[in-house]
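Residue numbers (this note's numbering), protein chains in the order written: chain A, 10 to 347; chain B, 16 to 103; chain C, 203 to 531; chain D, 32 to 424.
No lab work stands behind these hints: they were computed from the structure.
Note that beta-carbon positions come from the ideal geometry of N, C-alpha and C, so glycine has one too.
A couple of the hints might just be wrong.
[Said to hold, decoys possible] Covered stretches of chain B, going by a simulated chain D footprint (3 or more residues, C-beta under 8 Å):
1) 20-27
2) 64-77
3) 80-94
[Unchecked claim] Label pairs and their in silico Cβ distance ranges:
4) Ala-428/C with Pro-266/A: 32 to 40 Å
5) Glu-267/A with Asn-301/C: 36 to 44 Å
6) Asp-334/A with Ser-310/C: 41 to 49 Å
7) Glu-267/A with Glu-252/C: 14 to 22 Å
8) His-400/C with Asp-208/A: 51 to 59 Å
9) Asp-334/A with Pro-251/D: 49 to 57 Å
10) Ala-199/A with Ala-205/C: 37 to 45 Å
11) Phe-264/A with Asn-301/C: 51 to 59 Å
12) Arg-530/C with Arg-243/D: 33 to 41 Å
13) Ala-428/C with Lys-218/D: 48 to 56 Å
14) Asp-387/C with Arg-62/D: 53 to 61 Å
15) Glu-252/C with Ala-199/A: 19 to 27 Å
16) Lys-279/A with Ile-209/C: 35 to 43 Å
17) Asn-301/C with Pro-266/A: 34 to 42 Å
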Amino acid sequence: MSHSAGETKVRLTREHARELMRQMILIRRFEEKCAELYTQEKIRGFLHLYSGEEANAVGVMQALTADDAVVTTYREHGHALARGLPINAVMAEMYGKVTGCSRGHGGSMHLFGAAQRFYGGNAIVGGGLPLAVGLALADKLLGRPHVTCCFFGDGAAAEGEFHESMNLAALWRLPIVFVCENNLYGMGTALDRAESVTDIRRHAESYGMHAETVDGMNVVDVEVAARRAAEAVRAGEGPRFMENHTYRFRAHSMFDPELYRSKAEVEEWKKHGPIVRFTEWTLDNNTLHRDDIAAIEAEVTQLIDEAVAFAEQSPWEPVTDLLRDVYAPREAGGAVAP
Amino acid sequence: MNDADLERQVRAALYSVAPDLESEPLDPDRRYRDQFEFDSMDFLHFATELHRLTGIDIPESDYRRVETLKGAVAYLKEKRIAKGGGDA
Amino acid sequence: MSAMRRISYREAVREALREALLRDERVFLMGEDVGRYGGSYACSMGLLAEFGEQRIRDTPLCESGFVGASIGAAMNGMRPIVEVMTVNFSMLALDQIVNTAAAVRHMSGGQFSVPVVIRMATGAGRQLAAQHSHSLECWYAHVPGIRAVAPATVADARGMLWTALLDQNPVVVFEHATLYNDEGDLPAEGDLAVDIEHAVVRRPGRDVTLITYGGSLKKALAAADALAAEGVESEVIDLRVLRPLDTPTLLESVRRTHRAVIIDEGWRSGSLSGEIAAQLAEQAFYDLDAPIARVCSAEVPIPYARHLEIAATPQAEGIVAAVRSVLRR
Amino acid sequence: MSEFRMPSLGADMDVGTLVEWMKHPGDHVTRGDAIAAVETQKGVIEIEVFETGILDDIRVQVGQRVPVGTVLAVIRTGNEAPAAQTVAEKPAAAARPTPPVAPVAAAVSSVTPAGAKITPAARRRALELHLDLLALRAGADGVIGLREVEASRAAPAATASRPPGAAAKPGIDMSEMRKAIAAAMAKSWREIPHYFVSSTIDVEPMLAWLERENARRSMPERLHYAALLIKATALALKAVPVLNGHRVNDVFAPSSQVHLGIAIAMRGGGLIAPAILDADTLDLADVMTHLDDLVVRVRGGRLRSSEMTAATATFSNLGEDTADTLQPVIYPPQVAIVGCGRIVERAWAEHAVLSTRRTMVVTVGGDHRVSDGRAAARFLGHLNELLQHPERL
Chain A
10 MSHSAGETKV
20 RLTREHAREL
30 MRQMILIRRF
40 EEKCAELYTQ
50 EKIRGFLHLY
60 SGEEANAVGV
70 MQALTADDAV
80 VTTYREHGHA
90 LARGLPINAV
100 MAEMYGKVTG
110 CSRGHGGSMH
120 LFGAAQRFYG
130 GNAIVGGGLP
140 LAVGLALADK
150 LLGRPHVTCC
160 FFGDGAAAEG
170 EFHESMNLAA
180 LWRLPIVFVC
190 ENNLYGMGTA
200 LDRAESVTDI
210 RRHAESYGMH
220 AETVDGMNVV
230 DVEVAARRAA
240 EAVRAGEGPR
250 FMENHTYRFR
260 AHSMFDPELY
270 RSKAEVEEWK
280 KHGPIVRFTE
290 WTLDNNTLHR
300 DDIAAIEAEV
310 TQLIDEAVAF
320 AEQSPWEPVT
330 DLLRDVYAPR
340 EAGGAVAP
Chain B
16 MNDADLERQV
26 RAALYSVAPD
36 LESEPLDPDR
46 RYRDQFEFDS
56 MDFLHFATEL
66 HRLTGIDIPE
76 SDYRRVETLK
86 GAVAYLKEKR
96 IAKGGGDA
Chain C
203 MSAMRRISYR
213 EAVREALREA
223 LLRDERVFLM
233 GEDVGRYGGS
243 YACSMGLLAE
253 FGEQRIRDTP
263 LCESGFVGAS
273 IGAAMNGMRP
283 IVEVMTVNFS
293 MLALDQIVNT
303 AAAVRHMSGG
313 QFSVPVVIRM
323 ATGAGRQLAA
333 QHSHSLECWY
343 AHVPGIRAVA
353 PATVADARGM
363 LWTALLDQNP
373 VVVFEHATLY
383 NDEGDLPAEG
393 DLAVDIEHAV
403 VRRPGRDVTL
413 ITYGGSLKKA
423 LAAADALAAE
433 GVESEVIDLR
443 VLRPLDTPTL
453 LESVRRTHRA
463 VIIDEGWRSG
473 SLSGEIAAQL
483 AEQAFYDLDA
493 PIARVCSAEV
503 PIPYARHLEI
513 AATPQAEGIV
523 AAVRSVLRR
Chain D
32 MSEFRMPSLG
42 ADMDVGTLVE
52 WMKHPGDHVT
62 RGDAIAAVET
72 QKGVIEIEVF
82 ETGILDDIRV
92 QVGQRVPVGT
102 VLAVIRTGNE
112 APAAQTVAEK
122 PAAAARPTPP
132 VAPVAAAVSS
142 VTPAGAKITP
152 AARRRALELH
162 LDLLALRAGA
172 DGVIGLREVE
182 ASRAAPAATA
192 SRPPGAAAKP
202 GIDMSEMRKA
212 IAAAMAKSWR
222 EIPHYFVSST
232 IDVEPMLAWL
242 ERENARRSMP
252 ERLHYAALLI
262 KATALALKAV
272 PVLNGHRVND
282 VFAPSSQVHL
292 GIAIAMRGGG
302 LIAPAILDAD
312 TLDLADVMTH
322 LDDLVVRVRG
332 GRLRSSEMTA
342 ATATFSNLGE
352 DTADTLQPVI
362 YPPQVAIVGC
372 GRIVERAWAE
382 HAVLSTRRTM
392 VVTVGGDHRV
402 SDGRAAARFL
412 GHLNELLQHP
422 ERL
């Protein structure tokens, strides 16, 4: 494992390694279950899976405190679980049940968790970036020492909102860590067919922002880079940008024949998947043992089974509540001009 | 403004309320309501119209004084003098 | 009479695209994932191989940019067909469509036209929740300078595109996403172009006029079938063109049936259904034998859960109930 | 394209004489505009257009007398091309048969039974068929639609024939008006078993308040005591619903609104009772404004059709220098009428003290088929109470 990263050290204890492994496996198995449930029509709508990219969510979240904010995309199951949204509520949301983390209103693409400051999966490409700018602006104005972490894909870099947000964040020196999960394809369009400059990091640099490229298939590398970025941001240095090179093992969504890439390409990347690599590395240096991983698998399987049972048994939102939550009630005690 | 002018104003107010009276002979000494079918609503309209034409305010207690053509002319004359109004 | 064949709405769109590309060299297709991916709804599958990258252009995710570029290309001699994945995403291009495409002809004093065709999927029904399911056609139908059409049948999906390309004005085409798998019969050969000016009576009837378009047409027809069993003969009108509205066809029908039910997947407030109701009230008031009824989406962003999505959007049962109410049954 | 027809303005109107076109061909007309004046038995009434468009193709000329329902002109709406000039005798389009110009036309009312809703299509169809809207029976849901109109058409009882009116001449034809009053009052007296209940009301507080009030008001804002009586009558009617509404087809339908007909004498004889709509909800200044306006227009011979048909009860005030009591006759299909005598100073005993007071005898004429004297007495009690506190009106 090559974490040559200098100033920020990660103490990779056995417990921490086990936790990183547990989270990545939880996300992987959770999504595999979702794919299965999708084919059984328990889950509907679009289902965008994160398989192969788990190291990014798991690694970055290690650098955040409970008070930091997270904004993400429609491929956000991993972020939600790594951020600590209850697995039962996430699974129930996939089912559309009222016990879901968004009461079944949002589904796979719109997981929200106010308690975790998880500001949702946004299904408009690039739509989360200006939102993150605003969250960070508010924290700055209110003098809070919080960081906003904004995840997005490589496809977003082509949107105007990406560039507008980079500029605003840098101009106002806002406390944001931008995490571009570059998985090489915006849906079915390869990066080099969508971007004149494929080093997305360079876009951020052009706005005067510190940016670095990270191996997004290596969870420890991601964690180290994220801690470095978060510390700098928290120290008041303005926004930071991470371009994490990663790869999605599964199709863009469940309904995607993958005409735009070869099977061989996918198989080659799978050999270097984040779980495969972290397993090899921890076994090689005896941080973890095969028994540990078997135990994690067993534990995760049980959690997922319980989550499915919870979702199955959960009630639907009554249709009479259809119009619930369209408008917020007036703020209590708020002054109203006569 | 002489009496003839004032009489013209009174007649104008009267005929605006009841155009059909224009062709009828008008006895200057008799109350309108005794000569024509002229009720209290008509009278109110007449008084208001006279006020509009002359600018003179007629309190309700003076209504009795403008119930005839002759009375109305005399009343207007008196009020104009009281106001110090000339022909300006 | 030529032989008939059965094809899907998706195939009809693809055939229309192919025909346009073959007939007019100025035509090119542009949009997100229209090439390698084959179109997010697979409408352009195979076209990249046949026509090459110059004419089947994958774009980055930059709706304002590529829609704006199509406007420029149209003003400069080309006939672009742009695909925007969904009407929700078209909001990112709304500035270019409304502030430029719709306005250029008028604000240039007639010197420039914008003969672009912008296609987009619209509507709910697939549990895609609040950022992929809305019916915002009304916003485009609000804007002078734009022609807005909604092919609801395989024949219209096949035939509207060519006519739209002949139009010198920006034409926005709304394809309801629940229609792509529907099948219909088309002549095997011949000119399949159809007009994009008139509404069409899809089912004649004497008792009530159901006015609808796009994805709601089949629901209205299903409701008409159910009502026929009760002895109610519904006339079903497919608007086809959302701007400019073919009001005479609507008036002719309502003056005969004296009753109108408008089915519109858009929200009721400030909607196309409201505009139609207003026109009927203005021009056919004395012919009405019942208040105009509307079946629209509930005033809520479309929810994910299946039962809530169904409850939020027009359904045949609701249409039947609305018809019964205007018939006072 | 829509047709502007000779409207039916009352149960007793079957024909009308066009006396004025207030707009010319090619003029723009807006829904609600009075565009023509029609002479009826009741005088010249301005008639409104219910369409916005261009007045096109006038088919009836000034001086022509035509049955209700006859197309007077065509209103061109939208972007339609102007109609080819047609002669007045042009037969009506087949799709919308105009009524035959027959010597005997059916009596048609545009008044609907109070409380019933009639659809626009049904109203037009009924007019085409010369059906009396008052005779139509609503469906179970209280609505008169095309279905009910067609059903009534099958039942001939819904139509009533009336003798044709005498030839008209422009202006207010007093003999015609006398005839109309005669017909309506004879029908009322023949069919309605009237009862009369009277009270002498102390109007001293009302007049004293009014004198103070008028002293501080500018002349155009001054109130006539009739305005206070009208407001108080409307409020008292609201409290006694059995006096306020229409009786049609042996069924009394109370009205939730009080549209108070105001009997206004024409100079030279005759009486018209157009309504002040929702009189109970207006403030005194508004009542006064409406009253002024009605008086001026009645005496100028200009009324609007809706004012002629809406009244749910009628108010009649004899006025000053007249007589002590008025026993008024009900105007059908209404079921009550309130008559006020002149204001007279009378000796007044109260709390064992004798004084003089200005007083007025108020009489309610009621339809005994619908209400009893007790209801009228209750009304008079309310009215008296209201008039003792004029400042609250």
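Going through the earlier hints one by one, which of them does the structure break, listed in rising order?
-> Numbers 1, 3, 11, 12 and 14 - these are the hints that the structure violates, sorted from lowest upward.
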